[in-house]
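Based on these hints, arrange chain B on the given structure of chain A.
So the sequences go chain by chain: A and B. Heads up: the first sequence is residues 1 to 236, going by this note's numbering. Heads up: the second sequence is residues 1 to 105, going by this note's numbering.
Keep in mind that the hints were calculated from the coordinates and are not lab data. Certain hints may be false.
[Said to hold, decoys possible] Taking lysine-lysine and the PhoX-like style, the derived pairs with C-alpha atoms no more than 25 angstroms apart in a straight line are:
#: 1; chain 1: B; residue 1: K28; chain 2: A; residue 2: K17
#: 2; chain 1: A; residue 1: K114; chain 2: A; residue 2: K17
#: 3; chain 1: A; residue 1: K99; chain 2: B; residue 2: K43
#: 4; chain 1: B; residue 1: K44; chain 2: A; residue 2: K22
#: 5; chain 1: A; residue 1: K203; chain 2: A; residue 2: K180
[Stated by the list, open to error] Not everything, but these chain A residues come out facing chain B in the computed CB check (under 10 angstroms):
#: 6; residue: A14
#: 7; residue: L19
#: 8; residue: L97
#: 9; residue: R105
Each residue gets a CB set at the ideal place from its N, CA and C atoms; glycine is no exception.
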Amino acid sequence: MNCIIIDDEATARAIIKQLCTKIDNLVVLNEFANAIEAIKFLNQHEVDLIFLDIHMPSFDGFDFIQTLKNPPRIVMTSSDPNFAIEAFEYECIVDYLIKPILLPRFEKAIQKSKSSALKQRVSGISETNESVTENELYVNIDRRLIKIDIPSIYLIEAKGDYILIKTEDKNYMVHSTLKKIEEKLPITLFLKVHRSYIINVKKIIDIEDNSVLINRDVIPVSRSNRPELMQRLNLL
Amino acid sequence: MESPNLSYIKNLSGGDIPFETKVIRILKEEFAEEKKTYYENLKKGDLKLTASNVHKLKHKLSILSLEKGYQIAETFENNLRENNTDLSKEFDTILNTITTYLKQL
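Only chain A is shown next, with the shape it has when bound in the complex:
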């Protein structure tokens, strides 16, 4: 992860820079005494995170945010706690640090920033997959392209050089691999529970120890895939 620091106080910049050295894999790309210089830099560089002071002469932190079309994640820094509520009205602001900043609080801000980045990525994947779900999957069987409705698939089983796709109405034996079809399926619906099986998690009937009942098939769940399966379930 990389970052820049925007603060009109040289002392504050030096302190934040020092705090950054305590975080693994956090690189300070540059530091700026005013936000206008930072805008120029942002037009030419990809920045993951900005440490942004609120109180700056003529062009303050909030003015700066409003000029950005796609702001990166921002951690606000200020001696004044009174702007925190206003700050969190901006989606890009992941945390608000009161000066003087202490290391444990700084580490927490970095953690929040990382979590926020992860959420953005997951939501991006989910949006992509929604559009995939709308589309059907075409498979090549005996030189014919056959359309399969993705949500109707409940199980895919590896069979040597082939995969067996099971839907509620019909089964299809296709020359392909689990890896290839996994890439075409929405991760919100499908999960590889074993090296030979991908299941549609919406079609699970029950789970017992290391197996799931899906339609009339009992499918093994490998130990390494079980935690992810459990996470997907709406457990009471």
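This is chain B only, laid out in the frame that chain A set:
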């Protein structure tokens, strides 16, 4: 009055002496400049700008662990925003204390 100290900087440095040296140098230079600007704006009667100067100086007070001084500065900053110079003498005392302390470093 409470005494300034470098405990925050020492804590942050974790024994990184070049960092300590660097940040103290920056602190000294910046403090002298901000103090000068503060007195200039106060003399001119530009209390809005003076409040901004106090705001910046306030951070230095917290870096030097002047907790009570920080509270005085905060109230003084609010006073200035309301065109009131109450607490300016108390703030003078704080600035003088810091000036003396930084000279020793």
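Right, here's what the structure says about each hint:
1. K28(B) to K17(A): It holds: about 18 angstroms lies between the C-alpha atoms, which stays within 25 angstroms.
2. K114(A) to K17(A): 18 angstroms, holds
3. K99(A) to K43(B): Roughly 28 angstroms between the alpha carbons, so the hint for K99(A) and K43(B) is violated.
4. K44(B) to K22(A): Violated. K44(B) to K22(A) sits at ~43 angstroms, over the 25 angstroms cutoff.
5. K203(A) to K180(A): Status holds; Cα separation ~21 angstroms.
6. A14: 5 angstroms, holds
7. L19: L19(A) check passes; min Cβ-Cβ to chain B is 7 angstroms, inside 10 angstroms.
8. L97: Violated - the Cβ of L97(A) stays beyond 10 angstroms from chain B, reaching only about 12 angstroms at its closest.
9. R105: Violated. Min distance 12 angstroms.
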